[in-house]
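Participant: Whatever position you read off the sequence shown (first residue = 1), add 1086 for my numbering.
Fair warning: there could be bad hints in the mix.
[Said to hold, decoys possible] Derived BS3-like pairs: lysine-lysine, alpha-carbon spacing no greater than 30 Å straight-line: (1) Lys1141 - Lys1160; (2) Lys1141 - Lys1180; (3) Lys1194 - Lys1169; (4) Lys1180 - Lys1194; (5) Lys1194 - Lys1160; (6) Lys1139 - Lys1167.
Since the hints were made in silico from the structure, they are not lab data.
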Amino acid sequence: MLASHTFKPRAQYKQANHAGPILAARTSIYLWEFLLEILEDPECASIVRWTDKAKGEFEFLNISEVARQWGIVKRRPNMDKIKMCRAMRYYYKKDIIQKVKGRHFVYKFLQLPYNHPVLPSPSPPPQEFAERRSVICYTSSWSGE
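Based on the provided sequences and hints, a complete structural model is requested.
Facilitator: Set out below in structure tokens:
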């Protein structure tokens, strides 16, 4: 990715494809949505890439640049890789993303809170995950190409 290129989210981020009542429409982007979109953006191939899209596994090639881009999107100019990784660890508890053990800056999507426009139609979540639902209505499992 060229330093002059700034990522611009393609989709409107509204919780429209989830099970249950819509609590409120939103226009901001979540980190996991941002990651999915830059993984699909050819201009971002030098900073992040799929290692196994079918499994939802990806690798940061330049995590500092990804964090800088995330900071621009969120209007947080002091964003760095430490702060972004802290935000990603929050997703561990939500079973959205996990770190791939033994691999530096490699992560894996586990569940997605709703059907994301970048991804093909997902399969339903595993039963044990559906039983653990809390505030976010999880409706999709990872389903890559």
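Participant: For each hint, tell me whether it holds in the structure or not.
Facilitator: Here is how each hint holds up against the structure:
1. Lys1141 - Lys1160: Measuring from Cα to Cα gives roughly 28 Å; hence the hint holds.
2. Lys1141 - Lys1180: The hint holds at about 18 Å.
3. Lys1194 - Lys1169: OK: Lys1194 and Lys1169 at ~19 Å, within 30 Å.
4. Lys1180 - Lys1194: holds, 13 Å
5. Lys1194 - Lys1160: The given pair, whose Cα atoms are some 23 Å apart, holds under the 30 Å limit.
6. Lys1139 - Lys1167: holds, 23 Å
Hint compliance for this structure: no hint is broken.
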